[in-house]
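Q: Here are the chains, one letter per residue:
2 protein chains.
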Amino acid sequence: MTQRQYQAHIYVTLRRSVLDPAGTAVESGLKNMGYDNVTGIRIGKYVELSICASDEQQARNQLDRICDELLANPVIENYRFELTEVATVQKAEVNS
Amino acid sequence: MTQRQYQAHIYVTLRRSVLDPAGTAVESGLKNMGYDNVTGIRIGKYVELSICASDEQQARNQLDRICDELLANPVIENYRFELTEVATVQKAEVNS
Numbered sequence: 003m004t005q006r007q008y009q010a011h012i013y014v015t016l017r018r019s020v021l022d023p024a025g026t027a028v029e030s031g032l033k034n035m036g037y038d039n040v041t042g043i044r045i046g047k048y049v050e051l052s053i054c055a056s057d058e059q060q061a062r063n064q065l066d067r068i069c070d071e072l073l074a075n076p077v078i079e080n081y082r083f084e085l086t087e088v089a090t091v092q093k094a095e096v097n098s
Numbered sequence: 003m004t005q006r007q008y009q010a011h012i013y014v015t016l017r018r019s020v021l022d023p024a025g026t027a028v029e030s031g032l033k034n035m036g037y038d039n040v041t042g043i044r045i046g047k048y049v050e051l052s053i054c055a056s057d058e059q060q061a062r063n064q065l066d067r068i069c070d071e072l073l074a075n076p077v078i079e080n081y082r083f084e085l086t087e088v089a090t091v092q093k094a095e096v097n098s
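Those protein sequences? They're chains A and B, same order as listed.
In terms of this note's numbering, the first sequence opens at residue 3 and continues consecutively.
In terms of this note's numbering, the second sequence opens at residue 3 and continues consecutively.
Since the hints were derived computationally from the structure, they do not count as laboratory data.
A portion of the hints provided could be inaccurate.
[As the list claims (entries may be wrong)] Distance condition first, Cα-Cα at most 27 Å in a straight line; then the derived DSS-like pairs of lysine-lysine:
no., chain 1, residue 1, chain 2, residue 2
1, A, Lys33, A, Lys47
2, B, Lys47, A, Lys47
3, B, Lys47, B, Lys33
4, A, Lys33, B, Lys33
5, A, Lys33, B, Lys47
Bound conformation, chain A alone (with noise of 0.2 Å):
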C-alpha cells in the first residue's frame, strides 16, 4: 500500500473583528523603541507538521478536522495551510 508524506505549514490568525492584545501590545512596544513606522500588527501561531496520507485530498481532509478541532478556536481565529508531498511510501499489507 502507498502512502505519501506531505509537509504541512498552517498559519492559525484571529478574526480581523477580533481584538488582538498581543499585537498592541508589541506595536506599542515598538513605538516605545522608536519604530513608529510600522503598524497593523497581528500575532497568530505558525506550526509545521508532517502527515502521511494516501492522497493528498485525504491529508487535506485530516487537516482540516486537525484545525477545526484543535489546533484553531473557530468562534475566534481562521486558519490557512499549505501542503507539499514530500515522500511517497510503501506500507506492507496487513493480511488479517
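On the provided structure of chain A, position chain B as indicated by the hints.
A: Using the frame of chain A, we list chain B on its own:
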C-alpha cells in the same frame, strides 16, 4: 518625499536543536484523538504587520532589527519574513 508601504509576514520558529514542549503536547493530543499519522509538530509565531520605508532594503534592515530586538529570541529561535509592497505614500517635506 516618497515612502513605500510594505506588508510583512514574519515566521518565528524554535531552532531544530531546541525541544518544543507545545509541539510535543499537541502531538500527543492528536494521537489520543486517533491521528497517529501526524508527526514532527513544531509550533511558532506568525506575525503580520505593515511598515513604511523609503525602499525595500530599508524595510528589510528595520525588520531584521525588530525581529532581533523584540519578536524573536536569537538564542533559541530563528526567524524569516516575506515582504510585499502594497502602496506608495507621498509625504509632505517638513521644512525646518
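Q: If a hint holds in the structure, say so; if it does not, say that too.
A: Structure-based check of each hint:
1. Lys33/A to Lys47/A: holds (23 Å)
2. Lys47/B to Lys47/A: holds (5 Å)
3. Lys47/B to Lys33/B: holds (23 Å)
4. Lys33/A to Lys33/B: Violated. Lys33/A to Lys33/B sits at ~43 Å, over the 27 Å cutoff.
5. Lys33/A to Lys47/B: holds (21 Å)
In this structure, the one hint that does not hold is number 4.
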